[in-house]
Amino acid sequence: MAANFGFGTLVITLLISLFGIGAAVYGARKNDPAWVDSARNAMLLTWPLVTIAALTIIYLLVNGRYEVAYVSEVTSNSMPFYMRVTALWGGQAGSLVFWTWLMSAFASAVTLRKWDRDREFLPWVIVVALVTLAFFLVLIIFFENPFARLWSVPLGQPVKAMFPPAGAELLTVADGRGLNPLLRHPGMIIHPPMLYLGFVSFVIPYAFAIAALVTGRSDDRWIRITRRWTLVAWLFLSLGLLLGGRWAYDVLGWGGYWGWDPVEIAAFMPWLSGTAFLHSVMIQEKRGMLKHWNMVLVILTYALVIFGTFLTRSGVLSSVHAFAQSAIGPLFFTFIGLTFIASLSLLFNRWNELKSEAVMTSMLSREALFLLNNLLFIGILVVCFWGVIFPLISELVTGQKVTVGPPFYERATGPLFAGLLLLMGIAPLAAWRHSTAATLGRAIWKPALFSLLVLVAVLIGGIRQPAALLGFWLAAFVSSVTLYEFWRGALARHHKSGESLPVALWRLAGRNRRRYGGYVIHLGVVLMAIGIIGIEVFQTETQGTISQGQRLSLGRYAISYDSLATFDTPDGRNVARAVITVYKDNQPIGELHPRRDYYYESQQPMTIPGVRSTMEDDFYVLLVDWQPVSSTGATFKIYNNPLVNWLWLGGLVFILGTLIAAWPDKEPEPEKATVRRTGFAPAKA
Amino acid sequence: MKRLATLLTLLLALVLAGAAFAQDSPPLPANATIQSGNRQAGSPSDDQVNAIAKQLYCPVCENIPLDVCGTQACAQWRDLIREKLSQGWSEAQIKQYFVDQYGDRVLATPPARGLNWLVYLVPPVAILAGFYVLYRALKAWKQPTPQAVSEPPASAQPDEYILRLEEELKKR
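Chains as they are written, first to last, in numbering that gives the first Met the number 0: chain U, 0 to 684; chain B, 0 to 171.
In isolation and in its complexed conformation, chain U is listed as follows (with noise of 0.2 Å):
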């Protein structure tokens, strides 16, 4: 009965979205309020409706509906509450549901806004923001449906359909198998829709855009409106990768963050294009240049959005099969191709409108600088999504699957990362327009100095990697680059005005948030980059088997071998937790668990490492083998991950810094009054 509503709801919903699509054609065509006021309204309903049919997933989930197949595949009698409610995005079909909820959310609240000085994008934003939301809608509703049943048949096994075969009867199943355990984390409960939150947002824009293109303003009024929008899917899109990368590091046991797995890089895609954009744009506001570039790049980010959404819970291009047998995947492709295709179409026909109001004067100037910036952005997407499709490609021509692993990505990515930094240190010394290299010598040779001198003192620390010699020059360019900029801010506030230094650096932030907020961030990525090189090149590891009372050293460190327990949980695990003894220097300075969960019903193993985190490094331990008899001994692997902290307290940095770019204004600016009261960006004057 409840399926039914749902999936009744869902229908409803899908119908609703197609008339909105055609009222506001029409409307926009005929020119005609009415109807694009219907199509608004229409768009407004679509929200309520798909809560409608979430909480109906929801309702069905927490009371153990397990004739419904979603049910049974992503709950189970002994998981939590909490576990059960957020089992809405444990699977395929839930995380489609949850994806339009949020869509419809994010559309609606941007239909919201005030228009009066834009109506004219109202009817195509709601157009694009509603086939988008159809798309997923017959997705749910003809491929991936979350009220589909179980069904006994006279005869084989069991259906999965909406509606009883001929003569089955609903099978009644006394428990479902439950959310795999990799997924019952606190991480993994709110990285999903920190990531969806990201992939949504940066639907909004690309609406804009494709509304600026339809209506031919070719002004950056489409940038400006979705300025705020940009940055908050950039800020949960950031914040859902580092949660994966902490949560993988937490609870996948392979003492690493990230993986370069295929899932991992589909969600990193969208965030490489959509920092290319938010570097573009500025050129756009600035100075009127780049609207092609600009339009390509959200065109972009909004088809590997989707393409992300699509690769993150179906895993089908893990072989050519899987992508051929799975229902959704080629029509994922299609629309893909379809959106990418009509939107660059659209941008040809407007090709000649947007044309540059200035010309590049100076190849140091900060423009020309962030063309590089977006170039190694873009570099560094080519190689990931290279990587991604490539065994895809190999299988289709040869039949032979081939891996793409770790070492070519990081051999790939690792120089233009380097490149980035580079440019971070420099572009924020370079002016706009005009910049030579006597200007930019005279900013840049002070913080170039100290860096030289950090240099040279990791040098005298012992230190010799070349990549990690490389690297902490970078990180130390940057960072003094950046806090230079900050100092020479503020005393020239203060110069000017007799303001004391803080208060200087307070008001001057406050004056362009963005800029600075945007500084912040870069300190950000520098400590993350800090993290990244300790322990990438400086991690060690090793693994023996050691019986009680035994140690295993490493380095600095050794472990003592205590004892271990095995024991049954109520929801369903049995544990062996291990008492292991650190050392340090032959100190002991305190006592681990690292334990193996073993999931009964899943009949999953799931290694949750014992972690002694300083600032300094990380030691690491995972139990990855035991005697039944505990003196016998066991096996344990250690690592230990120099400066892996710096890439956590770099990660929130960051997300502080994202969180200063976007918060809104509340200075009041007179005549920006209008367009701020509703939530966004000031418009230009």
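Honestly, the hints are just simulated from the structure, not real lab data. Just so it is clear, CB atoms sit at the ideal spot from N, CA and C, and this is done for glycine as well. It is possible that part of the hints are untrue.
Just a few of them, taken from the derived set where beta-carbon distance is under 10 Å, the chain B residues facing chain U [said to hold, decoys possible]:
no.: 1; residue: V48
no.: 2; residue: Q75
no.: 3; residue: L79
no.: 4; residue: G87
no.: 5; residue: S89
no.: 6; residue: V118
no.: 7; residue: A136
no.: 8; residue: Y160
Now the stretches of chain U that chain B is said to cover, found in silico as 3 or more residues with beta-carbon under 8 Å [what the hints assert, rightly or not]:
no.: 9; segment: 136–145
no.: 10; segment: 255–263
no.: 11; segment: 405–415
no.: 12; segment: 483–491
no.: 13; segment: 539–547
no.: 14; segment: 653–663
Taking lysine-lysine and the DSSO-like style, the derived pairs with C-alpha atoms no more than 30 Å apart in a straight line are [said to hold, decoys possible]:
no.: 15; chain 1: U; residue 1: K285; chain 2: U; residue 2: K495
no.: 16; chain 1: U; residue 1: K113; chain 2: U; residue 2: K29
no.: 17; chain 1: U; residue 1: K285; chain 2: U; residue 2: K445
no.: 18; chain 1: U; residue 1: K113; chain 2: U; residue 2: K354
no.: 19; chain 1: U; residue 1: K354; chain 2: B; residue 2: K83
no.: 20; chain 1: B; residue 1: K94; chain 2: B; residue 2: K83
no.: 21; chain 1: U; residue 1: K400; chain 2: B; residue 2: K138
no.: 22; chain 1: B; residue 1: K138; chain 2: B; residue 2: K83
no.: 23; chain 1: B; residue 1: K83; chain 2: U; residue 2: K400
no.: 24; chain 1: U; residue 1: K400; chain 2: B; residue 2: K94
no.: 25; chain 1: U; residue 1: K583; chain 2: B; residue 2: K53
no.: 26; chain 1: U; residue 1: K583; chain 2: U; residue 2: K495
no.: 27; chain 1: U; residue 1: K495; chain 2: U; residue 2: K29
no.: 28; chain 1: B; residue 1: K94; chain 2: B; residue 2: K138
no.: 29; chain 1: B; residue 1: K138; chain 2: U; residue 2: K285
no.: 30; chain 1: U; residue 1: K445; chain 2: U; residue 2: K495
no.: 31; chain 1: U; residue 1: K113; chain 2: U; residue 2: K285
Use these hints to put chain B onto chain U, whose structure you have.
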């Protein structure tokens, strides 16, 4: 123009140097010992096994290197590596053995031959092409209007930085 060329060359050099560094830095040997382990002399240590397993991927567990994979199949593969090591096989021989048995997919990166060359060639070619396009575009942009600048020469301004900052903060 020269400056741009210099900058581009510099970046390119950095990219190439980085690539060289990345190739040069092998995984650090773990300077670890089992102080009182019960291994017999001559039997390969877990670290020796993992050093090889790290570079291999089993066909079942997508994208999880063999040394950290928890499945039974992977444990058997590791035992196989240990066995081969104790028989005196070299690292290259062991890797070749797995390639012969299961195909190129067990390797972390495709071996550079045939179609696989594409995996290594496409990204650098695409990026170099990008550099070239950007170089041409910047050149083309600059030439028609060599002095579209209305600003006074920067060096003539004593407090040039303050002016610039003001200008940058103002026009958003």
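Taking the hints in turn, this is what the structure says about them:
| no. | hint | result |
| --- | --- | --- |
| 1 | V48 | holds, 8 Å |
| 2 | Q75 | violated, 13 Å |
| 3 | L79 | violated, 16 Å |
| 4 | G87 | violated, 21 Å |
| 5 | S89 | violated, 20 Å |
| 6 | V118 | holds, 5 Å |
| 7 | A136 | holds, 8 Å |
| 8 | Y160 | holds, 6 Å |
| 9 | 136–145 | violated (count 0) |
| 10 | 255–263 | holds (count 4) |
| 11 | 405–415 | holds (count 9) |
| 12 | 483–491 | holds (count 3) |
| 13 | 539–547 | holds (count 8) |
| 14 | 653–663 | violated (count 0) |
| 15 | U:K285 - U:K495 | holds, 25 Å |
| 16 | U:K113 - U:K29 | holds, 22 Å |
| 17 | U:K285 - U:K445 | holds, 28 Å |
| 18 | U:K113 - U:K354 | holds, 29 Å |
| 19 | U:K354 - B:K83 | violated, 66 Å |
| 20 | B:K94 - B:K83 | holds, 11 Å |
| 21 | U:K400 - B:K138 | violated, 44 Å |
| 22 | B:K138 - B:K83 | violated, 60 Å |
| 23 | B:K83 - U:K400 | holds, 25 Å |
| 24 | U:K400 - B:K94 | holds, 17 Å |
| 25 | U:K583 - B:K53 | holds, 27 Å |
| 26 | U:K583 - U:K495 | violated, 54 Å |
| 27 | U:K495 - U:K29 | violated, 56 Å |
| 28 | B:K94 - B:K138 | violated, 50 Å |
| 29 | B:K138 - U:K285 | holds, 21 Å |
| 30 | U:K445 - U:K495 | holds, 23 Å |
| 31 | U:K113 - U:K285 | holds, 25 Å |
Checked against the numbered hints listed earlier, the structure breaks hints 2, 3, 4, 5, 9, 14, 19, 21, 22, 26, 27, 28; every other hint is satisfied.
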